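Protein chains in written order, with this note's numbering: chain U, 2 to 142; chain H, 2 to 142; chain X, 2 to 142.
It is worth saying that the hints were derived from the structure and are not from the lab.
Please note that the accuracy of each hint is not assured.
[To be verified] Using C-beta positions, here's what the derived DEER-type ranges look like: (1) U/Ala75 x H/Ile90: 28 to 38 Å; (2) U/Arg96 x X/Ser60: 20 to 30 Å; (3) U/Asp136 x X/Gln32: 35 to 45 Å; (4) U/Pro124 x X/Arg96: 28 to 38 Å; (5) H/Ala138 x X/Ser24: 41 to 51 Å.
[To be verified] Listed below are the simulated DSS-like cross-link pairs for lysine-lysine, each with C-alpha atoms no more than 30 Å apart in a straight line: (6) X/Lys77 x H/Lys77; (7) X/Lys77 x U/Lys77; (8) H/Lys77 x U/Lys77.
[Stated by the list, open to error] Covered stretches of chain U, as calculated for chain X (at least 3 residues, CB under 8 Å): (9) 9–20; (10) 34–46; (11) 105–111; (12) 117–125.
All of these numbers come straight from a predicted model, not from anything done at the bench.
For each residue, glycine too, the CB sits at the ideal point set by N, CA and C.
Listed below are the residues making up each chain.
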Amino acid sequence: MPLWAIHHTSGYFTAEDKRALASRITDHYQQAGLPRFYVVVIFNEIRSEDFYVGGESTSVGLRIVIDHIARHAADKQNRNRIAHWINSILLPYLRDRGGLHWEFHVDETSEDLWMINGLIPPPMGSEAEQRWVRDNAVSPY
Amino acid sequence: MPLWAIHHTSGYFTAEDKRALASRITDHYQQAGLPRFYVVVIFNEIRSEDFYVGGESTSVGLRIVIDHIARHAADKQNRNRIAHWINSILLPYLRDRGGLHWEFHVDETSEDLWMINGLIPPPMGSEAEQRWVRDNAVSPY
Amino acid sequence: MPLWAIHHTSGYFTAEDKRALASRITDHYQQAGLPRFYVVVIFNEIRSEDFYVGGESTSVGLRIVIDHIARHAADKQNRNRIAHWINSILLPYLRDRGGLHWEFHVDETSEDLWMINGLIPPPMGSEAEQRWVRDNAVSPY
Chain U
2 MPLWAIHHTS GYFTAEDKRA LASRITDHYQ QAGLPRFYVV VIFNEIRSED FYVGGESTSV
62 GLRIVIDHIA RHAADKQNRN RIAHWINSIL LPYLRDRGGL HWEFHVDETS EDLWMINGLI
122 PPPMGSEAEQ RWVRDNAVSP Y
Chain H
2 MPLWAIHHTS GYFTAEDKRA LASRITDHYQ QAGLPRFYVV VIFNEIRSED FYVGGESTSV
62 GLRIVIDHIA RHAADKQNRN RIAHWINSIL LPYLRDRGGL HWEFHVDETS EDLWMINGLI
122 PPPMGSEAEQ RWVRDNAVSP Y
Chain X
2 MPLWAIHHTS GYFTAEDKRA LASRITDHYQ QAGLPRFYVV VIFNEIRSED FYVGGESTSV
62 GLRIVIDHIA RHAADKQNRN RIAHWINSIL LPYLRDRGGL HWEFHVDETS EDLWMINGLI
122 PPPMGSEAEQ RWVRDNAVSP Y
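Turn these sequences into a full structure, and let the hints guide you.
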């Protein structure tokens, strides 16, 4: 948690873009209090003939699916705030915005059905979670 | 929204099949009142050695994962109706149905955690949504 | 249901590993009462340059996304029990555990928005479900 699956058309990101975007995403979650290693980002290049927007194959498209597990928004206002926060993370990495379709959505799933390296992560705000943040590593608790 | 991720074994769809199926899916959501560009379809070819059904690698399989965001079903009857509606969209494109495993499921996620081209899409049935339908494009509202 | 999408770095699993792990996963769900063919496992190899953990590209990583549809956990205790059960399925197939990041989460979605081979699967524990288990095949009910 979070898991970002970034589906993009061929060539949209350079290798350096990917590295920098993954780092930026991770920075923002760390600033929100999460251990860095909670953040997993997967890039998935899709050929135009496999990527359709509005029924047409697209040569420049970005569709991001995000799973949030350890933190859930309390209400609509908070969810909208998170959506804007995610958009602000992405903006510096969006080229060709004139012709680009870019879209994301977040799914919130149960923290009770989640494990990292064989452990159920500690509760939000707990002493153990803060140690995981400091160590940037899993440890028994 | 909707996002259709169509995982299929190698060679199941021709390039023309993919184009036609994506177009057909989009038509059906448009008839249900959504802007065409809301519909994103991604095809993902999987080799038999990476695709297992019932513990056996499969040479002809189809597993579709659909995310619904802007519209949620009200009750069980409505959800079942939507499942049948999705199945009817697929049927004309299913070849080799004798030996085929085809399966789909839909996840419903929050419309408040969703953005297209930097905007939270307008509420269902709003004047702004109708304009997005007519223009088939995002515009500020 | 269940759908296991296993994202792994290049070369982490051999072809034989994949076959054996998919079989083992299926065995466990069968022991829990499900038809074998309900279990779909998809392996997705990801290059290091497309797979980031904590903002760094990773050479040995495993991120598994599981969708549960036909069975939902009743409470937190039950969900944690399922997480441990999943982890125990995986453990024999995890090599290089010293440097490995392995993580999974489960999403629970509606059984009413799900179809296999054109049929909404029968209710949990029904006579029809038991027949599907015995036949390991879909049949009208």
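We went through each hint and held it up to the structure:
In this structure the hint that U/Ala75 and H/Ile90 lie 28 to 38 Å apart at CB holds, the actual value being about 36 Å. One distance hint, 20 to 30 Å for the beta-carbon pair U/Arg96 and X/Ser60, holds here, with the actual separation near 28 Å. Checked against the hint of 35 to 45 Å, the pair U/Asp136 and X/Gln32 passes, with Cβ atoms roughly 37 Å apart. Evaluation of the 28 to 38 Å hint for U/Pro124 and X/Arg96 yields a pass: the beta carbon distance comes to about 31 Å.
Between H/Ala138 and X/Ser24, the C-beta spacing of about 49 Å keeps the proposed range 41 to 51 Å intact. Under the criterion of a C-alpha separation no larger than 30 Å, the hint pairing X/Lys77 with H/Lys77 is consistent with the structure, at around 24 Å. For the proposed pair X/Lys77 and U/Lys77, the alpha carbon gap of about 24 Å is at most 30 Å, so the pair holds. For the suggested pair H/Lys77 and U/Lys77, the alpha carbons sit about 24 Å apart, so the restraint of at most 30 Å is met.
Counting residues of the segment 9–20 of chain U whose beta carbon lies closer than 8 Å to any beta carbon of chain X gives 3, which meets the minimum of three for the stated coverage. Under the rule that three or more residues need a Cβ within less than 8 Å of chain X, the assignment of the segment 34–46 of chain U holds, with 11 such residues. With 3 residues carrying a beta carbon less than 8 Å from a beta carbon of chain X, the segment 105–111 of chain U meets the three-residue requirement, and the given coverage holds. For the segment 117–125 of chain U, the stated coverage by chain X is satisfied: 4 residues place a CB nearer than 8 Å to a CB of that chain, which reaches the threshold of 3.
Going down the numbered hints, you'll see the structure goes against none, and every one checks out.
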